[in-house]
Amino acid sequence: MLNYLRQLEAKVIHHSRRFWWYGYAVAVVLVCLALVARLSLRELLNPSPYLLFLLVVFVTSWLGNIKASLLTIVAFAVLQLYYFTPPLYSLSLAKTKAADWVGLLGFVVVSLVTSVLVWARNAARVRADTAVGEAKDSAQRTEAILRSALDSIIVMDHTGRVVEFNPAAEQMFGYTRDQVVGQEMAVLIIPERYRDKHRQGLARYLETGEGPVLGRRIEVTAMRSDGSTFDVELAITPIRIAGQPLFTGYLRDITERKQLERQKDDFIRMASHELKTPVTSVKLYAQSLQRRLRRLGDTEAAASLGKVTGQLDRLNVLINALLDLSRVETGKMSLNLEEADLNEVIGNAVSQAAIVSPGHQITVQGRLPQPIYADKVRLGQAITNLISNAVKYSPQGGPVLVEVEPAAEAVTVRVVDRGIGISKQQLGKVFDRYHRVYKQDGKIFSGLGIGLYITAEIIKLHRGKIGVESEEGRGSTFYITLPLSSEEKFEETHTRH
Amino acid sequence: MKKRILVIDDDITILQALQMTFEDEGYEVEASPNGKPVESINGYQPNVVLLDIMLAGEDGRKLAKKIRSKFPDKPTIIIISAMADAKESALKSGADHFVAKPFDLDHIVELADQACNGG
Numbered sequence: 001m002l003n004y005l006r007q008l009e010a011k012v013i014h015h016s017r018r019f020w021w022y023g024y025a026v027a028v029v030l031v032c033l034a035l036v037a038r039l040s041l042r043e044l045l046n047p048s049p050y051l052l053f054l055l056v057v058f059v060t061s062w063l064g065n066i067k068a069s070l071l072t073i074v075a076f077a078v079l080q081l082y083y084f085t086p087p088l089y090s091l092s093l094a095k096t097k098a099a100d101w102v103g104l105l106g107f108v109v110v111s112l113v114t115s116v117l118v119w120a121r122n123a124a125r126v127r128a129d130t131a132v133g134e135a136k137d138s139a140q141r142t143e144a145i146l147r148s149a150l151d152s153i154i155v156m157d158h159t160g161r162v163v164e165f166n167p168a169a170e171q172m173f174g175y176t177r178d179q180v181v182g183q184e185m186a187v188l189i190i191p192e193r194y195r196d197k198h199r200q201g202l203a204r205y206l207e208t209g210e211g212p213v214l215g216r217r218i219e220v221t222a223m224r225s226d227g228s229t230f231d232v233e234l235a236i237t238p239i240r241i242a243g244q245p246l247f248t249g250y251l252r253d254i255t256e257r258k259q260l261e262r263q264k265d266d267f268i269r270m271a272s273h274e275l276k277t278p279v280t281s282v283k284l285y286a287q288s289l290q291r292r293l294r295r296l297g298d299t300e301a302a303a304s305l306g307k308v309t310g311q312l313d314r315l316n317v318l319i320n321a322l323l324d325l326s327r328v329e330t331g332k333m334s335l336n337l338e339e340a341d342l343n344e345v346i347g348n349a350v351s352q353a354a355i356v357s358p359g360h361q362i363t364v365q366g367r368l369p370q371p372i373y374a375d376k377v378r379l380g381q382a383i384t385n386l387i388s389n390a391v392k393y394s395p396q397g398g399p400v401l402v403e404v405e406p407a408a409e410a411v412t413v414r415v416v417d418r419g420i421g422i423s424k425q426q427l428g429k430v431f432d433r434y435h436r437v438y439k440q441d442g443k444i445f446s447g448l449g450i451g452l453y454i455t456a457e458i459i460k461l462h463r464g465k466i467g468v469e470s471e472e473g474r475g476s477t478f479y480i481t482l483p484l485s486s487e488e489k490f491e492e493t494h495t496r497h
Numbered sequence: 001m002k003k004r005i006l007v008i009d010d011d012i013t014i015l016q017a018l019q020m021t022f023e024d025e026g027y028e029v030e031a032s033p034n035g036k037p038v039e040s041i042n043g044y045q046p047n048v049v050l051l052d053i054m055l056a057g058e059d060g061r062k063l064a065k066k067i068r069s070k071f072p073d074k075p076t077i078i079i080i081s082a083m084a085d086a087k088e089s090a091l092k093s094g095a096d097h098f099v100a101k102p103f104d105l106d107h108i109v110e111l112a113d114q115a116c117n118g119g
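Residue numbers (the numbering used here), protein chains in the order written: chain A, 1 to 497; chain B, 1 to 119.
Hint data in this document are derived by calculation from the structure and do not stem from the laboratory.
Fair warning: there could be bad hints in the mix.
Listed next, the in silico EDC-like pairs over lysine to aspartate or glutamate satisfying Cα-Cα at most 20 Å (straight line) [unchecked claim]:
| id | chain 1 | residue 1 | chain 2 | residue 2 |
| --- | --- | --- | --- | --- |
| 1 | A | K197 | A | D178 |
| 2 | B | K92 | A | E338 |
| 3 | B | K92 | A | D265 |
| 4 | B | K66 | B | E39 |
| 5 | A | K332 | A | D265 |
| 6 | A | K264 | B | E23 |
| 7 | B | K87 | A | E210 |
| 8 | B | K87 | A | E274 |
| 9 | A | K392 | A | E469 |
| 10 | B | K87 | A | E219 |
Pairwise CB distance ranges (calculated) [as the list claims (entries may be wrong)]:
| id | chain 1 | residue 1 | chain 2 | residue 2 | range |
| --- | --- | --- | --- | --- | --- |
| 11 | A | E405 | B | N34 | 53 to 61 Å |
| 12 | B | D106 | A | D441 | 53 to 61 Å |
| 13 | A | P369 | B | D59 | 40 to 48 Å |
| 14 | B | G57 | A | V364 | 45 to 53 Å |
| 15 | B | Y44 | A | G397 | 27 to 35 Å |
| 16 | A | V187 | B | G57 | 42 to 50 Å |
| 17 | B | G57 | A | D441 | 50 to 58 Å |
| 18 | A | V317 | B | D113 | 21 to 29 Å |
| 19 | A | G397 | B | D59 | 42 to 50 Å |
| 20 | A | P191 | B | D106 | 47 to 55 Å |
| 21 | B | D59 | A | E339 | 28 to 36 Å |
| 22 | B | N34 | A | G397 | 45 to 53 Å |
| 23 | A | Y434 | B | D59 | 32 to 40 Å |
Positions of the beta carbon are idealized from the N, C-alpha and C atoms, including for glycine.
Extracted from the complex, chain A is given alone in its bound form (with noise of 0.2 Å):
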């Protein structure tokens, strides 16, 4: 019987949600039973009037709504006062007795009171069970997410300890989720060596919210379950449950990834090597017949043939630039780094850049006093690119001037020109790998479109900042802004990132 109303109310709750009607329905449906019993049964029911009327505002307002409620006690006062209360069949109030009106008035109260306790207490019920249903819609959707996922994840709580194990993480590593939940994870899938490092990490971590591996994708070392290691790449993303942090770390497996890195990368050395190895003889013979014909007087040829090194010498920096493009792209670019004297190597690309192009008057303005940290080789490369695209996008000549700009904590190198300038559509777009300038007459301007690119890395790796202002048809200020900082101060924000 219980269960039988249990079902009932279910079925009528679920379908006033569905129907906003249904309530009223079931009120009106009831009040009118309620009259049809009272008036044929009115013997009976007269010593207490009200019974059967608080009984339907009850059933009303626990299977209808609230409002619903509140139009059968004001029906039911209504009928009460035609039907039942002297002067029968008349809703004058004037002559109703006081008794009547007491009795009609305890009536009205307790029905209300009633009405809202009972719809208070289904309210609840019906959050609650909202509530409940969510968090399962949740837990369930969570789980497929988990269970459908390509990558592994794993979630680790703050003691290191494996919480939850999803089955692209037991494909990965051979591990079962019942084998591994509630075990420390480092022992499990991190090599022996790099345990040490993570548990300190976790550890700094809760001591001072600070974690550098967070948030972001990086390329670890995992181990399987059989000891064998392999290359994943990690995000890790901590997240807050009843004050103690989660966290979960997504995983793919980049041995295929990796074997193509290295196997391009052996490609692009050797390419460089097959391609280096006959520039180097050409130029080693030039250069030697260049030596004779110097020693034999005839300067005239001896000079032609500086037009032929010369040409190698660009070959060789387009050779470079694709070595360089690949470093970059393999993530293999590392700086050599010492304490450097900026001033000789801008002078150094200076004079390299008045070689080669004699009509342009380069000159340098401002000095810095103390040594730079910095790789001589790559800094110079990346300021020589600098001169070099001032002198190019000047094709009339003019002056390009090298400003050196000391402040407290670093310094900034400007190279200004007079040539063609940079309009604003594309002002954005310079520092982008492969991208070319077009002259006004809609020719392109000779290069790879990837100096910019990789100057701007060198920056980059440098921790400097690289940028450009530029008007159309007045030129270009191309700037970099590196930090003076000691080798230990470079470590240290090398590390923190």
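Since chain A is already given, all that's left is putting chain B on it; use the hints.
Okay, now just chain B, sitting in the frame of chain A:
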């Protein structure tokens, strides 16, 4: 005293060009496509050894190490390579100079002359 140089490069064209150049410059040149002459370096006593890194079946850096372990001071070793990023490992192996290919011949000759003049 006659200036002596040992040139090792498995690229015959480069080897011949270097031989021609250094002979022009008045050097006594021993040119080899492999590291064999390193074994008899004691008798030959060159002032300069010019070595390529990528030799067929051999690594120029290993040869440099071998020479340096036997002769800590002389000869001056110049490593040449198309791999510009090999500079660090080349200098570590005991070479005095590293020059990336394609190099400037004048620069190499200058380095060799300096070595012969005790610079």
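The hints, checked one at a time:
For the suggested pair A/K197 and A/D178, the alpha carbons sit about 26 Å apart, so the restraint of at most 20 Å is broken. Using a Cα cut-off of 20 Å, the hinted pair B/K92 and A/E338 holds, with the two alpha carbons roughly 16 Å apart. For a cut-off of 20 Å, the pair hint linking B/K92 to A/D265 is broken: about 23 Å separates their Cα positions. Simply put, B/K66 and B/E39 have alpha-carbon atoms about 9 Å apart, close enough for the 20 Å limit, and the pair holds.
Distance check on the hinted pair: A/K332 and A/D265 sit about 9 Å apart at the alpha-carbon level, within 20 Å; holds. At roughly 41 Å between alpha-carbon atoms, A/K264 and B/E23 are farther apart than 20 Å, so this suggested pair is violated. As the CA atoms of B/K87 and A/E210 are separated by approximately 38 Å, the hinted pair breaks the 20 Å bound. Of the supplied pair hints, the one linking B/K87 and A/E274 holds, its CA atoms being roughly 19 Å apart against a limit of 20 Å.
As the CA atoms of A/K392 and A/E469 are separated by approximately 17 Å, the hinted pair is consistent with the 20 Å bound. Proximity of B/K87 to A/E219 is assessed by CA-CA distance (about 27 Å); at most 20 Å being required, the pair is judged violated. Separation of A/E405 from B/N34 is about 54 Å and conforms to the stated range, judged on CB atoms against 53 to 61 Å. Range check, B/D106 to A/D441: Cβ separation about 40 Å, and the 53 to 61 Å hint is violated.
Distance hint check for A/P369 and B/D59: the Cβ-Cβ separation is about 43 Å, which falls inside the suggested range of 40 to 48 Å. Against the hinted window of 45 to 53 Å, the Cβ-Cβ separation of B/G57 and A/V364 comes to about 49 Å, which satisfies the hint. Between B/Y44 and A/G397 the Cβ separation comes to about 54 Å, which falls outside the hinted range of 27 to 35 Å. Checked against the hint of 42 to 50 Å, the C-beta distance between A/V187 and B/G57 comes to roughly 44 Å, which is consistent with it.
Restraint check, B/G57 to A/D441: a C-beta distance of roughly 54 Å satisfies the suggested window 50 to 58 Å. Here the CB-CB span from A/V317 to B/D113 is close to 28 Å, well matched to the stated 21 to 29 Å. Checked against the hint of 42 to 50 Å, the C-beta distance between A/G397 and B/D59 comes to roughly 48 Å, which is consistent with it. Checking the proposed 47 to 55 Å range against A/P191 and B/D106 shows it holds: the Cβ atoms sit about 51 Å from each other.
Between B/D59 and A/E339 the Cβ separation comes to about 31 Å, which falls inside the hinted range of 28 to 36 Å. Checked against the given bound of 45 to 53 Å, the beta carbons of B/N34 and A/G397, roughly 52 Å apart, stay inside it. For the pair A/Y434 and B/D59, the beta carbons lie near 36 Å from each other, so the given range of 32 to 40 Å is met.
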